[in-house]
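Protein chains in written order, with full-length UniProt numbering: chain A, 1 to 270; chain B, 1 to 274.
No wet-lab data here; the hints were simulated from the structure.
Each hint should be verified, as a subset may be incorrect.
[What the hints assert, rightly or not] Per the computed footprint, the stretches of chain A lying under chain B, defined by three or more beta-carbons under 8 Å from a beta-carbon of chain B, are:
{"hint": "1", "segment": "157–171"}
{"hint": "2", "segment": "239–251"}
[Said to hold, decoys possible] With a cut-off of at most 25 Å between alpha-carbon atoms, the simulated SDA-like pairs for lysine to any residue come out as follows:
{"hint": "3", "chain 1": "A", "residue 1": "124", "chain 2": "B", "residue 2": "105"}
{"hint": "4", "chain 1": "B", "residue 1": "95", "chain 2": "A", "residue 2": "107"}
{"hint": "5", "chain 1": "B", "residue 1": "95", "chain 2": "A", "residue 2": "262"}
{"hint": "6", "chain 1": "A", "residue 1": "262", "chain 2": "B", "residue 2": "101"}
Glycine included, every Cβ here is placed at the ideal spot set by N, Cα and C.
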Amino acid sequence: MNNCYKPLAAPAQNDAKSKRRDRDGKAPNGTATKEPSLASTTREDGRAPYDMRQVYMDVGVVAHATGSAYVEFNHTKVICAVYGPHAQTGGDSAFSEEGQLQCDFSYAPFAMPGGRRETRGGKKDDERELSTLLRQTLESSIQVHRLTKSVVGVHVMVLQADGGELAVATTCASMALADAGIELYDLVTACSVGYCGTQMVLDPTKEEEKSGAGVMTIALMPGSQQVTQWWQEGRFDGQKVAEALELCTDGCGCVHKMMEAKLKASTTKK
Amino acid sequence: MEVEAFQRLDPENFYRRFVKNGVRPDGRELRAVRPISVDVGVLSEERVQASALVGLGSTKVLAGISLQVGHPSENTPMCGMLDVEVKLTPLSSSKFSSGRPSEQAHVLSTFVKNSIVESGALVLTDLAIDDGAFAWKLCMDIVCLSFDGNLADATLIAAMGALMRLQLPGTRRIDDEIFVTEDTPTQLVVREVPVPLTCGVFDGIIIADPSLLEEELLTTHVTVVSTSEGKVCGVHKPGGSCASGKQLNECLQLCQQHAKQLTQTLAAAVRIQS
Chain A
1 MNNCYKPLAA PAQNDAKSKR RDRDGKAPNG TATKEPSLAS TTREDGRAPY DMRQVYMDVG
61 VVAHATGSAY VEFNHTKVIC AVYGPHAQTG GDSAFSEEGQ LQCDFSYAPF AMPGGRRETR
121 GGKKDDEREL STLLRQTLES SIQVHRLTKS VVGVHVMVLQ ADGGELAVAT TCASMALADA
181 GIELYDLVTA CSVGYCGTQM VLDPTKEEEK SGAGVMTIAL MPGSQQVTQW WQEGRFDGQK
241 VAEALELCTD GCGCVHKMME AKLKASTTKK
Chain B
1 MEVEAFQRLD PENFYRRFVK NGVRPDGREL RAVRPISVDV GVLSEERVQA SALVGLGSTK
61 VLAGISLQVG HPSENTPMCG MLDVEVKLTP LSSSKFSSGR PSEQAHVLST FVKNSIVESG
121 ALVLTDLAID DGAFAWKLCM DIVCLSFDGN LADATLIAAM GALMRLQLPG TRRIDDEIFV
181 TEDTPTQLVV REVPVPLTCG VFDGIIIADP SLLEEELLTT HVTVVSTSEG KVCGVHKPGG
241 SCASGKQLNE CLQLCQQHAK QLTQTLAAAV RIQS
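Make a model of the complete structure from these sequences and hints.
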């Protein structure tokens, strides 16, 4: 079979003429045109603007990894495994006295709603970019001077993407690093905020990310209140940025509490 | 000598001492299979048509099916297609690397596809749409999340779990294109439930469901695929040392016994979700 495509939702019976291909898999006339009502206090999934999604976390999920974690923000599901530290083997990175972090961020073939993701040709551009971002985010939380001449490998896979993948991946990877017993200054937690013109929404879904004007993702070490990464796409009004930052910080605080509780529980269990 | 040091320095003799006494390092009997958990519909079905998460001890795999439509090819009229791709990620084990799929991944993909199609579990003409002008293509991706041996069993069980969960949406043809409608989806007919059991041979002794530690010590292994009624739909013995007819017979019997239990587990998992 050649030229296979993902079938789209059928247009309503009466306006079959206006069919058009929309590769995002959205209904041509259905949900795409439905504006989320900004004035109302509840969102599409029933949350208030400053509510986070339902969170589930677990550690030690991958059998032979040094450390691992699984984090789920409702439909965004991420798994991470940490291997190492092991000796630097040359390869593509230059020799370094200090420890190095290698991040590998990937999407499962079925992670995106737009149908199957082609994974045969190796890493895609977005995965490369997210790998780099993730490495930068985590690097400053690790006590690299304690890991002389060694490498720590962090592998993250997004099993299902529904907004905030980078934030969830950061949280998940930081938990996996802690589970692996890598010496850290602090956990890194991340959280995103979407801006829909008038209203700020915490922890946006993919649909909200797309319909809004901008998305801001902040990665933070809550203990020292230091920001390790600020990643923003789209526009935010100048005076709203501070408000968004504060909202992100609050969100990170909530996530941090859950991470801490989970990690503590996992150590007592052992 | 410390137990761990002994295991590291001389894994073969370490293991031999266990097997002589009829147990294995993880406490199992020689023919015991690790606990199997099956969860279907773990991923949101607005995004992926069907999914199943299978845990075989601490080996975990996740299978997802996405749907595409296309025209059946001229050689196989009325037939849809099943495309299986197994992904062995460096996340699941340091033995796997990223980049191009390894030979092992290809072998597993073919094994899963053949087991499903050749056993008659999935009849490809069932996938025809609009009297064969179009047909469904099932894109099945199986991702290994945690590797602790015996991927053949885990991948095929996950594949069957997802397949039994799969519902084909209603369709409408407009001009020369297929659209999905809101009509009640039809359950895909799964005609047989082929389930696997891998056995390994160590010192001429048969060991069921080898873990990662054991896989490295076994001289050969045999995967038998069978249905709950005991019909054997596939045997896969990839090289290794020679196995006697008696040993192979034993593997066949073990698989047939195991199949009854396993098909029930699968059916129960699918029933709970629907």
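Results for each hint:
Here's how the segment 157–171 of chain A fares: 4 of its residues keep a CB closer than 8 Å to some CB of chain B, so the rule of at least three is met and the hint holds. With a cut-off of 8 Å between beta carbons, the segment 239–251 of chain A has 0 residues touching chain B; three or more are needed, and the interface restraint is violated. Pair hint residue 124/A plus residue 105/B holds up; C-alpha atoms about 20 Å apart against a cutoff of 25 Å. Restraint check for residue 95/B and residue 107/A: satisfied, since their Cα atoms lie roughly 20 Å apart, inside the 25 Å limit.
Distance restraint check for residue 95/B and residue 262/A: the Cα-Cα separation of roughly 29 Å exceeds the 25 Å cut-off, and the hinted pair is therefore not satisfied. Under the criterion of a C-alpha separation no larger than 25 Å, the hint pairing residue 262/A with residue 101/B is inconsistent with the structure, at around 35 Å.
Comparing the model with each numbered hint stated earlier shows that hints 2, 5 and 6 do not hold.
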